[in-house]
Structures are given as C-alpha cells and as structure tokens.
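As you go down the protein sequences, you meet chains A and B in turn.
99 is the number of the first residue of the first sequence in the numbering used here; add one for each residue after it.
99 is the number of the first residue of the second sequence in the numbering used here; add one for each residue after it.
No wet-lab data here; the hints were simulated from the structure.
Computed from a predicted structure; not experimentally measured.
Each statement offered as a hint is correct.
Which copy is meant is left open, because identical chains are indistinguishable; a pair holds if it fits in one copy or across any two.
Computed cross-link-like contacts, DSS-like style, restricted to lysine-lysine with a CA-CA straight-line distance of at most 30 Å:
no. : residue 1 : residue 2
1   : K246      : K280
2   : K280      : K301
3   : K280      : K239
2 protein chains.
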Amino acid sequence: MSGTLTIAGLGPGSDALVTPEVSTALATATDILGYAPYVSRVAPRPGLTLHPSDNRAELQRAAEALRLAADGGEVVVVSSGDPGVFAMASAVFEALELAPQYQDLPIRVLPGITAMLAAAARAGAPLGHDFCAINLSDNLKPWAVIEKRLRLAAEADFSIAMYNPRSASRPDGFGRALAVLKDAGCGERLVIFARAISAPDEKIVTLTLDDATPEMADMRTLVIVGNSQTRRVGRWVYAPRQVR
Amino acid sequence: MSGTLTIAGLGPGSDALVTPEVSTALATATDILGYAPYVSRVAPRPGLTLHPSDNRAELQRAAEALRLAADGGEVVVVSSGDPGVFAMASAVFEALELAPQYQDLPIRVLPGITAMLAAAARAGAPLGHDFCAINLSDNLKPWAVIEKRLRLAAEADFSIAMYNPRSASRPDGFGRALAVLKDAGCGERLVIFARAISAPDEKIVTLTLDDATPEMADMRTLVIVGNSQTRRVGRWVYAPRQVR
Numbered sequence: 099m100s101g102t103l104t105i106a107g108l109g110p111g112s113d114a115l116v117t118p119e120v121s122t123a124l125a126t127a128t129d130i131l132g133y134a135p136y137v138s139r140v141a142p143r144p145g146l147t148l149h150p151s152d153n154r155a156e157l158q159r160a161a162e163a164l165r166l167a168a169d170g171g172e173v174v175v176v177s178s179g180d181p182g183v184f185a186m187a188s189a190v191f192e193a194l195e196l197a198p199q200y201q202d203l204p205i206r207v208l209p210g211i212t213a214m215l216a217a218a219a220r221a222g223a224p225l226g227h228d229f230c231a232i233n234l235s236d237n238l239k240p241w242a243v244i245e246k247r248l249r250l251a252a253e254a255d256f257s258i259a260m261y262n263p264r265s266a267s268r269p270d271g272f273g274r275a276l277a278v279l280k281d282a283g284c285g286e287r288l289v290i291f292a293r294a295i296s297a298p299d300e301k302i303v304t305l306t307l308d309d310a311t312p313e314m315a316d317m318r319t320l321v322i323v324g325n326s327q328t329r330r331v332g333r334w335v336y337a338p339r340q341v342r
Numbered sequence: 099m100s101g102t103l104t105i106a107g108l109g110p111g112s113d114a115l116v117t118p119e120v121s122t123a124l125a126t127a128t129d130i131l132g133y134a135p136y137v138s139r140v141a142p143r144p145g146l147t148l149h150p151s152d153n154r155a156e157l158q159r160a161a162e163a164l165r166l167a168a169d170g171g172e173v174v175v176v177s178s179g180d181p182g183v184f185a186m187a188s189a190v191f192e193a194l195e196l197a198p199q200y201q202d203l204p205i206r207v208l209p210g211i212t213a214m215l216a217a218a219a220r221a222g223a224p225l226g227h228d229f230c231a232i233n234l235s236d237n238l239k240p241w242a243v244i245e246k247r248l249r250l251a252a253e254a255d256f257s258i259a260m261y262n263p264r265s266a267s268r269p270d271g272f273g274r275a276l277a278v279l280k281d282a283g284c285g286e287r288l289v290i291f292a293r294a295i296s297a298p299d300e301k302i303v304t305l306t307l308d309d310a311t312p313e314m315a316d317m318r319t320l321v322i323v324g325n326s327q328t329r330r331v332g333r334w335v336y337a338p339r340q341v342r
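Full structure from sequences and hints, please.
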C-alpha cells in the first residue's frame, strides 16, 4: 500500500505566512525532507522523521522522497517560499521522470508565498505591473542565458525579481547583472534590496540602480528592479497600473 | 485618532490558501472594501461593515479606504490572489499619491497566493525556471505594449503567465496573443489553461500552443505558456531546472 508525496511551500519565514493547507500536511506527515534550514522550521513530534539534507542535493532528495512515499509514508518535501518557483517541485518531477515505477504515486504540490511576493508587499507594490522572475544562479544554466534574459527584460520594461542574486560561491554574477542593466539604460530605475523578509532581522533598502553595489545583496536577499515607471510615494515603492 | 489600512490577498478561492496573517486582519477589521465577489468571501459579523464595489472602481475604492482609515477604521481592502499582482495595492498607492494628507496612515500589504502559483502547483511545476507575468488586459495600457512584451518574452524563452486573458468586453486580445506567440515560433510549446483553481469547478487543460484556441480562456482562467524545455511526465507539466 503506497503512501503520498506532498511538495509544500513554507513561505518566506514567518508562521503567519504558512497556508492552512501546508500546516495540515505538516501535521499529518510521517517524513519531512528538505534543505536543513527549512526542515528545522518544522517541530519534531513522535511519529515524524525529519530528513534534513544539503542545499545541492535536490535530485537525490527528490528520489528519496519518492522511495519513502512508495514504501507507505506520508511524505512532505518542504521548500522555502513556493515549491514551484526555483525550488523543489521541478526536481521532484525530474526524479519522477527518471523513475517511472513511481508514476502512479499520489502527488500534490501545495503553493506558498514566494520571496518576491513577500518582498513586494513590504516595499509597496513594485510588481503591480508586468514583471519577470530570473534566477541569477548559473549553477544550472550558462551565464550567457541570464545576461540575454536581463537585456530582453529591460527592453520589455518588465519589473525584474532576481532570486539568488549572490552567494559565497557566486560572488561576481550579481555585479555583472547590475552592469548589464546599467548598460541597457536602466540606471535611473529604482532597485529594492529585500533581505530576510518576515524574519526578525528583516531589512529593506531602496535606491536607484546607479547607486546599487554588488555587496548590497547576499544569499538571503531578493532584489526587485523596478520598471521605467516605478515610483515612490512616502516610504512606499509601486508600479503604476497605467502605461501610456 | 487614525485607524489603519491593510491591503490583503485572499488567495485564489479556497480558505485553505488564506494565510493566517490575512485571516487575523479580516477577523479584526471594522470595514472591508473590494470587488463584490471578493468581499462576499468574508462572513458578515457585528461591528463589520462590508463595502462591495464594481470591478472598474479601483481608484475610487482605494480613496474611500484611505478616508475610512483616517476616520479611525480598521480598514481592509481585499483582492483575490495577491494584492500586489495586477490587483489593489498599486491602486491604493496611486490614491495615496493623490491624497498626501493620508501619507502618515499606518498601511500594511499582506501577500497572498497569486493565481499563477496556484495554477502552477495544480499543473506540476511550469514556473520552475525563469518566467514572466503579463496582464493581457489593455484597459490601462496600449495593445502594442502587450504585443511587444510577448515577443520579447518568447525570445527570452521565459515561461509566460497570462493574467486576465479574455473577458466579455475584451473578446479578441487573447487570440491575438496566441497568434503573436505562434508567429514567434512557440507553436510546439505546452500551454496550460487553469480555470477556477481551488474552487469546486476547477479545471486544468494542457495542450500545445498550435492546438490552443481563444475560446479555451475566459475571465476565470489563468494561462501559462511553457518555455521551450517545458515537458510532461505522466499527468504533470514541469520546466526542467537545467538549461544547457
């Protein structure tokens, strides 16, 4: 008798941003897998096994989750934010494609508040008009693809949410991304650095792209570059609804 | 003594997708404003005044919310999905800019599960790689802007979430959008029509863009066009994490 596999989004950090659907799934799980800092957000209890793993182990973790579910577990794979946005859901379906014996398993994906929505809400409404989301990590795609997408996004006048802008192992990409956008004529656009949103050390900084420097971002930062119309009102930043 | 203004996202429809933070705001509100079908999702109770209004009345509604909050109300403006994505948050900041006397009001934006995240979760993980979100309504922007963004999004190989694809007053735009994408060489891409996600009459259809027709979308549909790598595994659709 097989169990179930649920891929759940924990939101950006605060329990007040976890959907009831996800809370219920966590409360009835037998096994929870994920990157260690996310698994640690779930309280231990009898009958629940926590399986924390390393950041880079997505595909392995996904395969293990499928195995545990096939063995009868009520298995939950947790992601920060939304599991479908630069997170575990794609890895699970990739693993499923590699292991067709599991294709009849009951699988559910439960959405969550992804980082750009939480960051945008704290800043005002910078995603109130057409926008795009780009993962700045070049672990799984060539840097040339990122650069091309940034140029086209600037030309389309999208607001741009940048995930994973900068890490210890990728210290230089974000500076190059800023340079690409300056070169594309976006120097006067507003940029929001949203760090650790909904955590106790949350911090928001807004300035123009010309004044932004690479060191302003780290692994816990979500960056939103406004479109050409994005403006301030008081302490808020928003994208007007109308474009003429 | 002034009150507060909260702009809250109700998610796509199911109560299981309303964050605890939003539920708390609704439970302590004195006034709730919004498009009538969204306001009707809030149960009446003593001490709460419901202010339903028409779909097109965003700016008026936002101004009224500011006035009620300045008069001491605990005012909540509700949107479906996330208030910052093609919803009420931008309208409130626009109204605030027009009424500087309210700029010291305590304002909060509470994020919600926006339609594309709910739709993507039901379909699999079609937003697992870089993507964009485009509002297909040309009420507040020229059609030429929409068309240009679609062409550039195709060239960037973004997955594309299309909000408000088609309505009774805009029957033709979605067909033109499909034609633009076909013309841009996207005919073989997978397209997901996600209708009324998390409601009892929820429906998901996936097919290629070449097989998609305008009538497949209506006001309650969110459309996701995959990128060139988007693929099926069993009944799921996902964007692989890796691009070579």
